[in-house]
Structures are given as structure tokens and as C-alpha cells.
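A.B. asks: Please put together the full structure from these sequences, using the hints given.
Chains as they are written, first to last, in the numbering used here: chain A, 1 to 471; chain B, 472 to 942; chain C, 943 to 1413; chain D, 1414 to 1884.
These aren't lab readings, by the way, just hints derived from the structure by calculation.
Yeah, the Cβ is synthetic: ideal placement off N, Cα and C, and Gly gets one too.
Since no wrong hints were added, every one of them can be taken at face value.
A few chain C residues facing chain B, derived, Cβ under 10 angstroms:
| id | residue |
| --- | --- |
| 1 | Gln-962 |
| 2 | Ser-1332 |
| 3 | Phe-1335 |
| 4 | Leu-1336 |
Rough simulated footprint, nothing fancy, chain C against chain A, three-plus residues with beta-carbon under 8 angstroms:
| id | region |
| --- | --- |
| 5 | 9-17 |
| 6 | 27-41 |
| 7 | 66-76 |
| 8 | 106-114 |
Calculated pairs, SDA-like style, for lysine to any residue (alpha carbon to alpha carbon, straight line, at most 20 angstroms):
| id | chain 1 | residue 1 | chain 2 | residue 2 |
| --- | --- | --- | --- | --- |
| 9 | C | Lys-952 | B | Leu-865 |
| 10 | D | Lys-1443 | D | Arg-1453 |
| 11 | A | Lys-342 | A | Glu-353 |
| 12 | C | Lys-952 | A | Asn-56 |
| 13 | A | Lys-30 | C | Tyr-948 |
| 14 | C | Lys-994 | A | Asp-57 |
| 15 | D | Lys-1586 | D | Glu-1603 |
| 16 | C | Lys-1293 | C | Thr-1320 |
| 17 | B | Lys-510 | D | Tyr-1419 |
| 18 | D | Lys-1452 | B | Met-483 |
| 19 | B | Lys-634 | A | Leu-158 |
| 20 | B | Lys-481 | D | Leu-1444 |
| 21 | B | Lys-591 | D | Met-1425 |
| 22 | B | Lys-714 | B | Asn-687 |
| 23 | B | Lys-481 | D | Thr-1515 |
| 24 | C | Lys-994 | A | Ser-67 |
| 25 | D | Lys-1656 | D | Glu-1548 |
Protein chains: 4
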Amino acid sequence: MDDRSYDLCKSMVSRTYIAQAVEANVPVHKLVNRLLEQKRIPDDPVPDHVIKSLLNDLADMDTSNFSSNCGAGEREGRVYSQLVAECHYRMSHGIGRSGELTSVQPKAAGSSILAQLTNKMALHALKIAGATHVEDGFVVPMATGMTLCLCFLTLRSLRPSAKYIIWARIDQKSCFKSMITAGFIPVVIENILVGDEVRADVDAIRRKVDELGSENILCIHSTTSCFAPRAFDDLPKIAAMCKEQDIPLIVNNAYGTQSSKCMHLIEEAARIGRMDALVQSLDKNYMVPVGGTLFASYDSGFAEAFSRMYPGRASASPSTDLFITLLSMGVSGYQKLLQERKQVFAYLKEKLEVLATSCNERVLNTPGNNISLGLTLTTLDTDRCTLLGSMLFLRHVSGARVVVPSTVQTVERYTLKGFGTHCEKYPVPYLTVAAGIGMRKEEVDVLVTRLLKVLKEVPTRRESSAPSDRE
Amino acid sequence: MDDRSYDLCKSMVSRTYIAQAVEANVPVHKLVNRLLEQKRIPDDPVPDHVIKSLLNDLADMDTSNFSSNCGAGEREGRVYSQLVAECHYRMSHGIGRSGELTSVQPKAAGSSILAQLTNKMALHALKIAGATHVEDGFVVPMATGMTLCLCFLTLRSLRPSAKYIIWARIDQKSCFKSMITAGFIPVVIENILVGDEVRADVDAIRRKVDELGSENILCIHSTTSCFAPRAFDDLPKIAAMCKEQDIPLIVNNAYGTQSSKCMHLIEEAARIGRMDALVQSLDKNYMVPVGGTLFASYDSGFAEAFSRMYPGRASASPSTDLFITLLSMGVSGYQKLLQERKQVFAYLKEKLEVLATSCNERVLNTPGNNISLGLTLTTLDTDRCTLLGSMLFLRHVSGARVVVPSTVQTVERYTLKGFGTHCEKYPVPYLTVAAGIGMRKEEVDVLVTRLLKVLKEVPTRRESSAPSDRE
Amino acid sequence: MDDRSYDLCKSMVSRTYIAQAVEANVPVHKLVNRLLEQKRIPDDPVPDHVIKSLLNDLADMDTSNFSSNCGAGEREGRVYSQLVAECHYRMSHGIGRSGELTSVQPKAAGSSILAQLTNKMALHALKIAGATHVEDGFVVPMATGMTLCLCFLTLRSLRPSAKYIIWARIDQKSCFKSMITAGFIPVVIENILVGDEVRADVDAIRRKVDELGSENILCIHSTTSCFAPRAFDDLPKIAAMCKEQDIPLIVNNAYGTQSSKCMHLIEEAARIGRMDALVQSLDKNYMVPVGGTLFASYDSGFAEAFSRMYPGRASASPSTDLFITLLSMGVSGYQKLLQERKQVFAYLKEKLEVLATSCNERVLNTPGNNISLGLTLTTLDTDRCTLLGSMLFLRHVSGARVVVPSTVQTVERYTLKGFGTHCEKYPVPYLTVAAGIGMRKEEVDVLVTRLLKVLKEVPTRRESSAPSDRE
Amino acid sequence: MDDRSYDLCKSMVSRTYIAQAVEANVPVHKLVNRLLEQKRIPDDPVPDHVIKSLLNDLADMDTSNFSSNCGAGEREGRVYSQLVAECHYRMSHGIGRSGELTSVQPKAAGSSILAQLTNKMALHALKIAGATHVEDGFVVPMATGMTLCLCFLTLRSLRPSAKYIIWARIDQKSCFKSMITAGFIPVVIENILVGDEVRADVDAIRRKVDELGSENILCIHSTTSCFAPRAFDDLPKIAAMCKEQDIPLIVNNAYGTQSSKCMHLIEEAARIGRMDALVQSLDKNYMVPVGGTLFASYDSGFAEAFSRMYPGRASASPSTDLFITLLSMGVSGYQKLLQERKQVFAYLKEKLEVLATSCNERVLNTPGNNISLGLTLTTLDTDRCTLLGSMLFLRHVSGARVVVPSTVQTVERYTLKGFGTHCEKYPVPYLTVAAGIGMRKEEVDVLVTRLLKVLKEVPTRRESSAPSDRE
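C.D. replies: Pasting the structure below:
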């Protein structure tokens, strides 16, 4: 309905009612226009029906939705199933164009605007989380590992002779594979153990740089967020070294936006050193389904180069999910989630400590990780540890990991000893659990209750070792 | 509702009605179980509500949807927005696991089953289209160009010393960029002109192989489907050479499943030669939104190697879209679409020929392309040709391309002369239009009417050159 | 999005694309404004997303949807469940006001407009169907029987001393009960048998009027559409008599809009005689769920009086359903349905005649009913007839009725002999089937196939008499 | 998916995952079966997707949804628009049969079960609210006024000579019209003023009964819930008299279920006296859209008689809305709403008293009404009072009523002096506001803020009298 529509309505109901209705909707129009103008997350949550209406208006701007459209190419946005069309809010052209992720797609003005707004709002979210000086960022509709891979491929053209990627070990397969998939030789820097905590060995990194020669090094691949007892990397030191040595720095900030500490480290690192890319998972940070990554950079030149590497038009689904989600949250909702996560983490720690005491175990002291925690399992042998993991999984606790230091993992032709503990010889087996964004206190209570129950049962339990979600 | 539910219903309505209702739903249960057992597209279209109900049941199998679930990891499938959850039918875990696209995700049995069923149905669809002996296939949630890139990266580890990719030129940027992004040197083989048709020069390919040495060649990158006047490659000859020389063959079958000729060429090539991968766009072939690719192979070893290259868990959105779409179509619906496309192509050709005659132009004779057609624009100068493109775009004809032979395009540091025509010096400017799957006869009528109108207007029109969707 | 929104979009995509998008949506705005202005069914079907968008805009006009609204009364349109809100497109205030069905509801401008547009479109639909001079009409959210009841109650205040309603018998319970519920004495006029056809006895009606005295008669309650072999009433004769005698005429046009004959009778009757109300079922005529009635009148005074009788605010659900449906159909779609029904009726007749011949039965000759048909069951005894009905129901044929002349039905304290046949002594048992709006030829084929199969089986079948949908 | 489906899934994912999924869904199956067995509101809220899945299964039980169904009648549940079908969860047959609201519809087992479950849950809701001994109840898809009307029509057949309905005045049009529409003579008993409160004059009722003769009285029409300063009727006294005099009692319990006092009065009245029917608005009590009524009775005989009066099949929409809503609430959610309303009422009272003091007005002392409150407007003249109402409406306060004692209202041929105040001569003008179910404390704050602002502005405001929502 447009202005004339409201005028015409006056033939049916009192003009006062129409005037009132038009006036009542002014705030909605203002909200939408502020979004289009400022391209930042609105202060307050936007109701679903307003989001849907906006998506509908954007969809109407795509050529494939013009009632008069005649598609004469090989890719005309035709969608067979009404169900599918609805899931995508009638936008079918994806994002980007001929291999540039952030380009406007001429056939799809609405989709293009949605993609741009999402990218700007995502950048805003990063700033809210603490990366206040980040320059550029956009949604990449691929896993974080694949996005890291594309970062490395982008660097290849800039540093054609470089073969090595220096990587402070974390025991997560995807990020390790990302280097191999990209065709580089990962140089694994073993971590050091400081108290309970496993930390990146920055001196060893520096020595390795000297050994290999900076021109042969594609980049340093550093990490902010990983399962305890692994601490975040000392990013400012690493970034400073990268700047000094002219080596790119790619940061796997997997789910680090949840931690103000991680974000401040990033800001500080960017201020004093060099940081080429910052890669974060959409689902782990923004409560959307798995599928996308937020690429960001303090160097808009690298961001542009990266954006040009993706060959083809990409899925708009992660962008759409994030668009809806950030509007639904509003700045206030997002900040509330961040604060609540902090509180839930503290609560989890407190509860775990009580439980630990009652079981003759203890919570690992890992001040360099404020997202996840480790609980020692010194009272159990290896089989019982494994059984514990299975039992938790079968009791509907997902995501808890039992780690036994003796595990050896081979990825492609590389072997990592002590896999899971982020170091070759961690002294004790343990269980890790995380307080991720969106976790509620009640979940902590349920977790601790189930964990306690299982810990009591497991020593005497005869249960054939069943699968866990980490098998 | 389960068996007991229906029993309980008998306290409310006559048991005859219940018996009748239960019996009436037997065909639906049979359909679902046949799908789970045979893992092929059902013969007939499945109604939307049955699809939704099946998706709902699958979603209930994901741990994040268990009412008793307690998520203690960093990625627990929490979804903030109800709108987003609904778009994904409450499945949020994506597909694959730790960098294996086809692995089962322990936290998400339902999502994993959906992904597997989709992959099997996609393979079935390929067989229906003519690739009857294809061995393996699955959905990759990336653009075709990015999927080609990942194919090349997969080959890198198998052929570490190879640097070159031999490519029979087609003038589409994404597939060219896919080679550069992967870090290889594209060796462009210029096409030959036979009559109106632009064909791959198989002899030149062979000579280039001899010149470079097969061990230095990563693969041959061949194409089945491209805009007229480009013809499909002579795949059987190329595949035979690849087998003989032990060079992998990667086929960009972008939208070739629509053409039984292309599919028969592929089958024949695989029979007598070597074919490592077959890459096709989901949106161009199956009427889903942009976002995914169907990777397929006649060599399950390569398929497995490829599947292991993707680092991370990937978006389930393209799989879900294809799942819904193939169920909605049924075998009968899909076959009907293929047949109708053939008829629409013939109709388009016929109509264009009549139009051509009336305008002193002619339809290019391109028997090697039965998806798109070219119409000469010899009566117009270059400016008028460009204007024609704009005018069509502004008159809501999307996807029609005006090609002027003098265009030069630079992609990264490579220059392609005559860009758009697939060869350095095509004799005439022309317009190409395609009869893609899902196009209707009425659209052809509209297209031809608008085209005729514009062709009449353009010679005398004073219109500032406006943008087209191909600018 | 408003004009300013589109302007703001120009900061993100080319202004040409925005201009094109705005222009492409002009037809949609025109369509909506034409609807608001002309208040008639649009010529062509309106796509679902346009309907949804319009409903969304209307919903935004209801006070309960103002973001700033503060509800301080006892009925403020609060809706607990999001699912329920969505089913009603966020409109919760119903229609009418303090007991006037067609009044504007001040709290709900959008709902009020929806109700008015629906009423006007419904009137338009009646005119398309043939009642070209009908004056007024609106949706009543009650069953046809209840609406007839309210017609009678409306007449009561106008004719306080009248006690009788003269009714040419049809064997359908609801319309009979409507008179009793309203507190009147139904005077049943038995029909006459002319050939196979059962017809209203207009002479007997006239005699009864004379006998009772017109001032004692509330109205004549006449019927256009009923199951064969009942023919439509001779409305012009009855209406002329009503005019002459000053007796109101209430016409139960249950599903008569489907038959151009019925509609022409109505027009003719209104032209030469008196017709106070015309009552038609929404679900039987317009393919919406059960729930509403279209009340119409050639006398806007009576329509207004009727509208004022409903005490309270009423459900908007039937109006919303009809609103969506008539927009979805468009004039062209509705006319097509009417034409197709005619063809399906002819096809059904033809098929039944062939079947009849093969079974030594015959199709009843009922030229005064062109919606349903009767097939004699002379070769079966009463038990077999009943069994036939059950068997059809159990074989998923719904709505077919087996009628055995000996049935006696008591409704309240009234007894109707030969119930189902519309007369006291119909010579043969028979089966009736209808060709209702929306029936497809394929359904006729299925029906005839199943019927033939059952007719062959029933003579020798040992099946305990099971329920039918007419039990 | 059935048992076999889950078995078949084991070919795709580990049988442990399947076992876990099946086990995880046991509580959902239990919940559904408990509902089907006990037919009461579940203790806890049921998630939307479970409700949708249950509705889907019920819909599958309706013949019109059988894939094999062949409709041969005049009403076969065909639905033209997919949008409409979805709004009704694919159930299109309505409720009831041939004029019995609670009968099973043979063509629609699923719809019939839904209707029965809803009726039982509605009865359960009434019991939760305090009517613990109520015998029977069901949803009537008509406004409360129309339902009252049908109650009176039901009584007509039982008391054919009775002409009068004795009614203790409340100033709400619909319930007054319900008597007139039904064709009876309303005998208005003027209320008495006790302090600020307007109360039914039970003695006057008794005198009127004696005067008219109980056999001439159809029923007493009494009210529990009405805008302050009207108090609830002294139901126990009235019911006892009704029992003694053998006069039916029909109680308009419009929105009384929100008040435990009203409900206790009803219980007490039924215990010691006679109560034939209890009529309550669905939207006012259960936060669903306008459209239905909950009829209930302590006399199942009368309930059955009433149920048989509705001529025709009725809309299922109000039943479906209530079904979804009561499941969504669960017992706990419903009880919480009731408690919160009590608290909000107390809060509203407290806030209004503060405001009153600051404005030299006072809150009327009406202990017999704990849903709404009155605020005197003694400092304003009549015009200013009216203006105040308009200003509130224009400031998006809906439902607040300004009442000026001098208003005279004519309904049909009856005149009510002092309309709005429930008595002929209320001493002061006032404003009434209600704390209805679902109102939140924040709304009270907004209301009081706006009210205060308007009260300050109105004495000096020059505003042309604009419409209010009560005009």
C-alpha cells in the first residue's frame, strides 16, 4: 500500500482512523530508513513481521520477481518449489557476481542490498564486540576452515614463492586442514605448558620465522578461541612481529567475538602490529545455522583481494540468516547476550568447582580462556574416561569433550601426538565444557546435575563403550 | 501420532473412521519408507505437506531439538530467530564433519540423513538425465567455480609437481578464475571457428600436452555447456587422450544436465576414457536458489578424496533446497521438465528464425549447442548493439546477452580478446538467448515480441547507454 | 519501504536498478489501488505474496498492532500464540461492532477494510455468477442454516404476529432446523413427482397461503439447489406470488451460484417479484473451509435490518478466507471454475449413463438440477443399497449418497417420510453424486471406476454394514 | 516416519544415533497420547512445532486430505487457495454435523477429534479458573451475544409460552440485543447505587418475577463481568431464586474467568441454586482472535439441547485457535496468566490512585469488580470529558472509556438513560480502564503516563472533538 492506497481507504473507514494508522506506522518506516541509511544494527529488536515485510520488499526488487520479467539466460532465478522459494524469501540469485563476493548483482537489486546491509551490520556487530577499528568485513558462505583456505589462496598470489604457514598448534582438524587444502606446508609450533594452561610459544614462532626466512612464509596462522586448557594466542606480540618481519597474519577468531578479552587482544594487536584477516564462524557467534563465516580485516586492500578470489555467485542463505538475526536482536539484544554469556561462564565455573571438590577433581586453572573450562578426570582410567564421554552423550549432553592425553591423530600425512590437549604431553585427562553464547543458567544446572550423576556411576558401570558426539 | 495415538482416538470417533484414516495414510508411510530404503527420487511428485512432515521428523532427530538436550560445546545448534529456524526446518547443524563433506554428524542424525538422501537423489537425477554409469556424487554448498577450485586443490596433493591446467576457452569468468584461485597457471587453448560455431581445438590441446609434458599438467578442464555459438567440447576424444596420457579430466558441466546430448557425451567419454570429476550448478539445473553445486564422479576414489578436502562443516541449505525440490518433482515431474525444455528450445529456435528473417538477420547455426542460440546483429553498429542490450534489460528481459566481438577482458593478469565470443575474432556481433529448464513457451513469446519491438526501435532511438545485467 | 527507502537504496546499488525495481512494482501498486477504489475482484489472479503483503499492510492498521498501542479495555486483540496470530494475519478484532455486522470497528481499521472489500467482492462474485442486479450482500460468519435462522428472526420484528414459514420440502436437515430454531412453525409443502424429477408444488404453496392467511406467514422459504432428483424451485412464480401477497421470500441458494440456471431464475424472480434474502454457503460455492455464508439481498433495507440483528462482534475468519480466495482466483479464474464445472457435470452425466447401461440401471432424468445426478439402484435390495454406500465410503468416495425411499426421519417433533428423496414415496432407490465447483475430470473417472467396481461386487459381497459418511 | 522408517535410517547413520533420537522423542509421544487419553490441558507449554505436527496428523485423518479421496458431494472440503488451506492447517470441514455442534463429522475424523479435544480442554480451563463442578462445555463459533441468543432460542422450545427475559441492566449493547434478536421482551431491572458501586437489584428482580409470573419468564439473564463501577451480580442469591421459582438462569460470564471471585460466585450459585448456561467470550478470556464463545453448563441436559439448536456445520476456526492456545499455554502458563492479571490489576489500582490524588480526582471504590476500575473526572465538563476520550484514543490508548452520565442510548425501541454508567443517574463522569488477561505492567506504566499527560493538557486544549474507539 502506498500513499494513494491510504487515501482510497478513506472511502471505507473514517479518515481519522486512517490518519492514525498512517501515523502509527511512521516509526516502522523510520526504522527501515534508518537501517538503509546508517547500515548498522538497529538499537532495539525488530519484530518478525517488520523483518518479513522488509524482506518481501527487497525480494520484489529482484528481476526474477517482476511480474513482467522474461528470463532468457541460463540462470534466471526460477524456483520450482514454493516451499523452497519461501525459505529464501523469494530471493534466489545468491550474492556476488562473476567471482566477486561483494559485487552488486544486476539481476538482483534486492538481494544485493540485503547482502550489503548484512555485511555492514556484521561489521557493526564486530565493533560492538570490541573490534572498534576493524575496517572491512563481509559474510562468506563457506565454513571457517574453507574461508581460512581462501585467505591462504589469496596470499599465494601476493607471495608466490612462500610455501610455509606457521601455526601455533590447536587441536581442531578443520583449521589444520585448511592449510593443507590450500596446498601449503603447515609448520606446527608446539605449545608450552604454563601451570594448567597450554599456551602458544611465541619465541618458538619467532625462531621458526628466522629459520625459514620470512619470504618463504605465507603467513602466521594464529588462534584466539579454542577449547580449554588452550589459551588464546598472545596476538599483540605476534602481530608486532608480523609487522616487523612483513609477514601476513591470519587470525582464526572462531568464536572469539563472545569474549571481550579476545576482542581487545585483537584491537590491540591491530593497533601495534599487522593483521590481515580475522575469520569468525557465523553459527558459533551469532546463533544461526551452520553455513557461513564472517571475514573481517583491518586492511581493506586485503579484504578486497580476498573478495575477488571466490569464483562464482554464492549462496545468500548465511547472509539472510544473519540479516534476520541481527535485526531480531537489535544492539540491545546482542549486548544482553554477550553479558549473559559472561555471567553464565562465571556461573558454570562456580558450579564446576563445587562439583570438582565433591569428586576429588579440580577445575583447570586457565585464565587465558574465558569461554570454556576443563575438569580433571584423574580418578578415572582411560577406558572410564571414554565411557564417561559416551554416557554424557547418551544422556543428551552434547558438546562436552573427554580428552585423554595419549590420543594420536593423523591428518593427511601429519601426526599430532596428544591430540585434543593441544600439546604433546598433557599431564591429566580431563573434560571440557563451554559456555557459548545463548547458553542459559538452567542448562548449566542440567549439565552439572547430569555430569555429577555420571561421575558417580562411571567407576562401577558396565557399559559397552558407546559412541559420543566426538568419536 | 503413533499407533497408540490412533487407538486412543477411538474414544472420540468411530473406530471405522480411525481405521479408514490409518489405511488412507499407508501410501504416505510407504512412500517415505521407500525413499529411506531405495534412496532414489520417488516416481511421482510428493505433496508439500508430506515433505514438511518428513523434514519435521528428521529435525526431531537432531540433538539440538531434543527437549532434554543440554549443549555444552561451542557449537550447539542454537538458533536465535524463530524465522531463521523455520527457514531451515529447525535443522541447524549443517552437513559434514571436521572437514569431510559426506560424513555423518553425530549431533545431527536427522540432518545427516537428509544430506545422504539428497546426495543419492541427486545421483539419481544425474542418471535420469543420462549419466547412467556415474559412480558417486554429492552436493557441495559452494558455487561451481569454487567447487572446480576445490577439485584442482584435490588434484594438487595427488600431482604435487603439476603447475598447468589446460583449458579450452569459454568466455565465462568464474571457471577461469577457479584455476587462478587454486594457484595454477591456466593454459588457454583458443577455439576454432567451424561455420558459425566455436569449437574446442582438440588437436591444439593434444599439442599443448606434448609440449608441456603430461606430468606438469594438473588436469584438462573441459566444458559441456556454454553460451552459443560455443559448442560443447568433444568429450570422448578428450577423455580418451586423458586416459592415454594419464592426465585427470575435470568437466565443467555447468548446466549440461538439461541436454541429453551433453549427458550422452559424458557417458560415452567415461566409457572410453577417463573422467575424474563432473561439476554442475544446482540452480542452473534444478531450479533452486543459487548456492550449491552437484559434484559427481565416475571414480569414487577421487570423489572420496575431494570430499575430504573441505575443511569444516558446511551449509545444509543447498541440500535442503534440493531435497525438497527433487521430492516435489518426482521422477515424472523431472522428466517432464527435461522434455518441455527440449520443446521450448525448438520453439525458441523456430520463433527466432522467423524474427531473424523479418529483420535481415539470421540465427547462428550451432548444432553443438542445444540450450542457447545466437541471433546476428549485423545491421547494427557497436553502439546500437550495446544499446539493444540495455533496452532489453530495461524492458525486463533478463539474461539475454549482446556480444560485440571487439571486447577485451582482463582477468587477473590474463587478457582474453574478443571476450564473450569464446574466440579472438568472431565475424559478427550477435545476441544470445537460452532455453533453460523451467522456461515456458509463453516466455518465448514475450521474449520474441519484446526483442522484435526493440530491434525496430533501436536504429533510431536516442537513448543514453544504460546498464544491462551483463555490464 | 517507502519512496525515501528506495532513494536510500541508491547508495548501495545503481540508481538504474532501483528505478527499474520501482517501475516493475507499479503494476502491483495499481492492482492494490484499483481494488481499494473499485472494490471488485481483480480481473486476473493475484499472486500469494501480493495478497500476503496487502494483508500485512491492513494488519498494521489495526490498533492492536501499533507498536505504541496500550490496551486498556477488556478486549484488546491480544493474541497469545504466534501460530494463531499468523493464521489470522495478525488481525484479531473480528468484524462488525456492537451487533452490527457491517459496521466499522474503530480499533481495527485494517480489519474493517478487509471486511468491506470482501463484502464488495462477494457481491461482485454473485453478479458474475448471474445475479447482476443484486443490491447488497455480505459475509456472515455462521452456517447457512444459522444465517437462515437469523433471516427469520429479522422478519419476526417486522411481522410480529406471523407464526408460519411455508417451505417446499427438501431433505436436508439444517435448513429445516433453521426454522424451528428460530421459533417458527414450518409448514411443509410436499413436492410433486414429474417423471423422475421431484418438484416444488407451487399450487399447493399458494393454497396454503390462502388457507393460513398471508399476515400469519412469516415468509416463504424456497430452495434453488438440492440433491437430485429434487429440481430447483420455480422461483419466478413464487416471487411473483410473494409480491402479490406481500409475503417475504427467503431463498436458500445453498450452492446455486455454481449453476447459471439457478442464478438466472433468481434474477428473473427478483425482476418480476419479491425477494428478501438470498443465502449461500461460502464453502460450497467458493472453495473455502466451512464456516461462513454469503447473505445477499435485492432489498437493501432488509439487508440493513439483517445486519443489525447479529449481537456482537463476529469472526473475521470466513471473510479473510474469502478475501484471499477471490483475489487468488481473479475474475478469470472464477469464470474458468464455473465453466469447468459445467463441463465436468456434462462429463459426469455422460460417464454415468454409460455405466448405467452396463449395469441395467439408468440415470434419473432431472433437467431441473444441473449440479447433481441420480443413478437408479433398482437391481439391489435395501440392504445391498446401504452396503453400497458403505463400500463407496470405505473406498474413499466421499459425498455420494445412497437413498432408499423407505427412510423415515424425525427432526425435533416433525416426521418426514421417504427422507432423502424429498418426497413421501419415490419409486426407486438411487445413488446421487454431484459435480461441485472444483471437481476435476480425473475425479469423475476415479468415481465412475470405483462405482462400477463396487456395483459389480455388491450383489455377492458379504460385508457387515459399515458406516458411510451419511449414516 | 514410523518404526520401520527409523529402522531404515540405520543404513545411513549409526544405530546408536537412531536409538537416541527415538528415545529423545518418547516424551513427545507421551505428551500427545496423554492429551488424547486424558483430554485435558497438558501441564506444561507445548512447543509450536509439536502442535503443528499434531495438527498435521489430525488433518491427515480428514477424508479430503486422503491422497486417494474422490469427492462426489456438494461439500467436499476442496480449498482453492494454498494460503487459506495453511491457515486452517488443511482442515476444511468445520465442526459438527447437520446441526449438532458436538457431533462427529464422518468425513472429518481429524477435525472431529480436534473439536472434541478443544471442548474438553476448554472445560478444563474453566475448572482451573474455578468452576470446578461445571458439567459440560464447548466452543460455539459465534459471538457471545449470538450465543446468548441461541440459549434463549433453546429455552423457547422448552418454555413455549414465556415471553420475558429479566435482565439486570448492564450497559453493553450486544447482550441487550441478544434478547431482542431472539424475539423476547427484555425486562430491564434498574440497578442500585451503593457507594460508588452500581449493583444489580436482586429484590427488584424478585418483585418482577412475582409480578410477571414465573411461567411467563423465559429466564433470568445475569452478568458477572462488566465495566466498573458495575459490580458482578449476586449470583448465589439469583440462582437460589431461580431454583425455587423454576426459572432458567443464563449467565453472561463475558470475561469473568479472569476473576477468581466471579468464578467462585458461579460455583457457589450452581451449588445452591440453578444455573442453565454460562457464556464466555473466547477472545476476552483466552487471548485468541474474536470469533467464538465458550458455552458451558452445570446441566448437561441443557447443554445437549443447546448443541442441537445450531442448524448446520460450523466454523472450526475458533476451536483451532483455542486448541493451539491452550496447548501453548499449558496449565502452568494459564495459571501464570491468571496470577499476573491479578497482580497487574492491583498495580493498576495503586498507580491510578496516585494519579488521582495528583489530579484532584479519585478512583471509584468498586470492590465488586476486580477487573476494571473507574477514575472520576469531576474536574472536567462534559465536552472536556469527551475530548479526553478522543485524545487518549489518538495517543494510542485503546479500550479506555470516558463515560458521561447524561448519555441516552436507544437500542431498537428501548431507551436506556445514563447509558454507559449502568444506571439512570450516576453522580459523576468518569473514565474506566481494565486489567485484562495478558496486560503487562509496562502497559500500565504507559497508560498512566499518557493519561496523566492528557489530563494535564485537556483543560486548556483546543482540539476539535475527534473520534474515539467508543464513539
